[in-house]
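Position in the sequence shown counted from 1, then plus 8, gives you this note's numbering.
In case anyone wonders, no lab produced these hints; they're calculated from the structure. Warning: the hint list may mix true and false statements.
Label-pair distances were calculated between CB atoms; the ranges are [as the list claims (entries may be wrong)]: (1) Ala-71 - Ile-40: 13 to 21 Å; (2) Gly-27 - Val-105: 17 to 25 Å; (3) Ala-100 - Glu-148: 15 to 23 Å; (4) Asp-41 - Ile-120: 19 to 27 Å; (5) Val-143 - Val-45: 16 to 24 Å; (6) Arg-52 - Arg-73: 20 to 28 Å; (7) Ser-23 - Asp-54: 29 to 37 Å; (8) Val-56 - Glu-148: 35 to 43 Å; (9) Gly-138 - Arg-73: 12 to 20 Å; (10) Glu-77 - Val-45: 26 to 34 Å; (11) Ala-100 - Ser-23: 13 to 21 Å; (12) Thr-65 - Leu-38: 17 to 25 Å.
By construction, the Cβ of each residue, glycine as well, lies at the ideal position given by its N, Cα and C atoms.
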Amino acid sequence: MIDSGTLSAPSRLESVTLGLDELDLLVNVLGIDELPVVLNATARFDSVAARDAAFDTARVSLAERGLLEAGAVHPDVAEWLQVLARPYWEVALRWYVPSDGRSAGSAPAEEISRLCLAHGPTGSVLALRGPDSYVLQRAEHPPGS
9 MIDSGTLSAP
19 SRLESVTLGL
29 DELDLLVNVL
39 GIDELPVVLN
49 ATARFDSVAA
59 RDAAFDTARV
69 SLAERGLLEA
79 GAVHPDVAEW
89 LQVLARPYWE
99 VALRWYVPSD
109 GRSAGSAPAE
119 EISRLCLAHG
129 PTGSVLALRG
139 PDSYVLQRAE
149 HPPGS
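With the hints as constraints, model all of the structure from the sequences given.
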């Protein structure tokens, strides 16, 4: 087998769970313009001060978990986000789940779970979004399995 160097080394992380502000910070640090629409990873702040405060908290949390060190994003997480940002192809899924909260006389409220499977130059990535977090992981399986 010839290794042309186009595929990355095996991931050191199995998966990573990120809060909304943590993902927003990492996207900002990496200079990523946008992620797939299905993930609904848009700016959530009305002011720069509010964003900066959220980023400060996210920076501490990510550093404690070894996902952001001296301003550098963990290589696996950076690679996964780059694949999501510029995939060769992607599959998007939205799953509408009725929630228990509803106002009197109104239709049932729904929560949306979101999934994106993206494939890029270094492999495939699965991103899941729940109400308050994202889960990212490599979406590959060993050959022959």
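message: Need the list of violated hint numbers for this structure, in ascending order.
response: The structure conflicts with no hint, since it agrees with every one listed earlier.
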